[in-house]
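Undergrad: Single-letter residue listing:
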Amino acid sequence: MKRQVTINGRSVEVEFEGKEQIRFAHRAPGQPEVAGEASILEVEPGIYSVLWSGRSFEARVLLNAGKGVVDIGPHHYRVEVADPRELAAASTAGAGAGRQEITAPMPGRVIRILVEEGQPVQAGQGIVVVEAMKMQNEMQSPKQGTVVSIRAREGASVAASEVLAVVE
Amino acid sequence: MFRKVLVANRGEIAVRLLRALRELRIASVAVYSDADRAALHVRMADEAVHIGPAPSSESYLRGDRILEAAIATGAQAIHPGYGFLSENAGFAEACEDAGVVFVGPSARSIAAMGLKTEARQMAMEAGVPVVPGSEEPVRDLGRALTIAGEIGYPLMLKAAAGGGGKGMRRVYREADLAAALRDAASEAQRSFNNGDVYIEKLVENPRHIEVQVLGDKWGHMIHLGERECSLQRRHQKLVEECPSPFVAMRPDLRHAMGEAAVRVARAGGYYNAGTVEFLVDGDGRFYFLEMNARLQVEHPVTELVTGLDLVHWQLRIAAGERLSVDQYAVRWNGSAIECRICAEDPDNNFLPSPGLIRQIERPSGPGVRLDSGVYPGWTVPVEYDPLLAKVVAWAETRPLALDRMRRALAEYSVQGIKTNLSFFRQVMEDKDFRDGAIHTGYIDQWLRTRPPAAEDDGCQVIAALVAAIHSRRAPVPVAEAPAGASPWRTQGRERVLR
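As you go down the protein sequences, you meet chains C and S in turn.
Just so you know, we're using our numbering here: the first sequence kicks off at 613 and counts up by one.
Just so you know, we're using our numbering here: the second sequence kicks off at 29 and counts up by one.
If a hint is listed, it holds; no wrong ones were tucked in.
Each computed DSBU-like pair below joins lysine-lysine, with the alpha-carbon atoms no more than 30 Å apart:
#, chain 1, residue 1, chain 2, residue 2
1, C, Lys-746, C, Lys-679
2, C, Lys-614, C, Lys-679
3, C, Lys-746, S, Lys-194
4, S, Lys-229, S, Lys-194
5, S, Lys-229, C, Lys-746
6, C, Lys-614, C, Lys-631
What the simulated footprint calls covered on chain C by chain S, stretch by stretch (three residues with Cβ under 8 Å from a Cβ of chain S suffice, anywhere in the stretch; the number is not a length):
#, stretch
7, 646-658
8, 683-692
Calculated directly from the structure, the hints in this document are not laboratory data.
The beta-carbon is built from N, C-alpha and C at its ideal position, and this holds for glycine as well.
Starting from the given sequences, assemble the full structure and let the hints guide the process.
TA: Printed below as a string of structure tokens:
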């Protein structure tokens, strides 16, 4: 099985087969291939004990729709896993471009709107401030572009995944 | 001593208080909102009373309902914990009037300490230095500009009734004053229902060091030394230590700050546990900030180093007992450090991450204490603050305590929701932090400029591989666990054995 994994922003290819005794190959651009065999057990839900080339690793995985984090000791990795065939299909269909919705990650209340419709914004620029769990959280633009629509209203309650604004 | 005490709080602090009650053989009453029927504090208490819907304004802040619950269950005292009603003078007074002991200072002390301008006045009269600033809340821009001109920039705007970083703004130039004043006042109004803001000189790169005091109702008061609380993000404490590495190098400073703290507390007619917060500059000059008239989140580091149980003493003092510890008998042994583990996503601007906890691996072993309010199968509600647990490590020396914390953090995992554990694992490796060279703005700076973590090629390969393997598995369908029907039955057994 082949998977494309983006790990801390770097794209690598992982190929593997087997159940507990897993043969694998790891290919990263500009680096020699790492191939081998490892003993991998899911000892508790989301927690893997890995024995590989004399080392013992404990990896904790939290994935949501292929996206999430892996922690090994003090090392923290942001990961995104994709099937390379799906990736190829997606890129030919031209998906993922243009419009991006900024959504509320959880129920809360809109405290402030920081931009206006039609305003150009940078990636990472604050768009809307939402209060949840006693904290004010700045929802940021995922990309450079223009604010095409603001759906949030100051003072209004919002539900999880409700669209707050659209950036194009 | 009391026979029955009501705990007017939730989460890890309610669990902490319930443990103390159990240790002192005092029966306990928990209160809970709709969101907390299955919460750990409800499971651990001897009795539990429902007090309202999930929003805290309709439950944990409803002093009338909580007092009714105390009277109905025959509780002789109410311990408020921190936050919620802990510094609400009206509630303390209502308790006093109803003949229920409020475990804390008198309503009068709370009222005096609760208003920063009044507390500041009291400190000055007690001969304790304060940061130069406006004596009174500043209501209009004209007045603000005049005062700002007298004190000089940079400035700090602060909510008079505030705390926890709400209603605070830094101002570096006159041009920014109007906007900052407006923002601070509206945030203060929203957070504390009191829009009063005052102006202070900004001490650049200060340390936040606080002193624990403990006094009985008979006029005996001591201090238990300081806590270093400079590691903060957006004015929220993240890591606390006892002793402060800065104070530890200056033996006279602990004595001077301790004496000043006791003077402030005495001026306020204070009894029970309290904390006097100071800003400390690089030369060791300290300025009174405010007094917190309650138990602090970070009290465990003081407990581990002094060997005194603060909650036990709070209860004994509230029951009218004499504090039998004299100042000369207080000893500071070794070094303790605490990390606040929160349901927050450190990869996404520390966004809150409530939800179902699927699995927890707890740190334990020598010198490690875990004050936790959650369990596997518990859904962290969105209505309350994101603090899940506090990990505390103690060792003979500070470097050993930090390495013990590093070890404990490596053992600890919470599955199902995002937590800031990985953030603390990185902080423990930071050289400036290990050297104790920190200030209150250090973490905010560090988050912008931190060097990439040390690479481990083997770990990276395994992380990618495990992610790929895990993504292949169909996500385990987990129905929202109905209250009380958690599949994690072993938890209850573990609690009994603990």
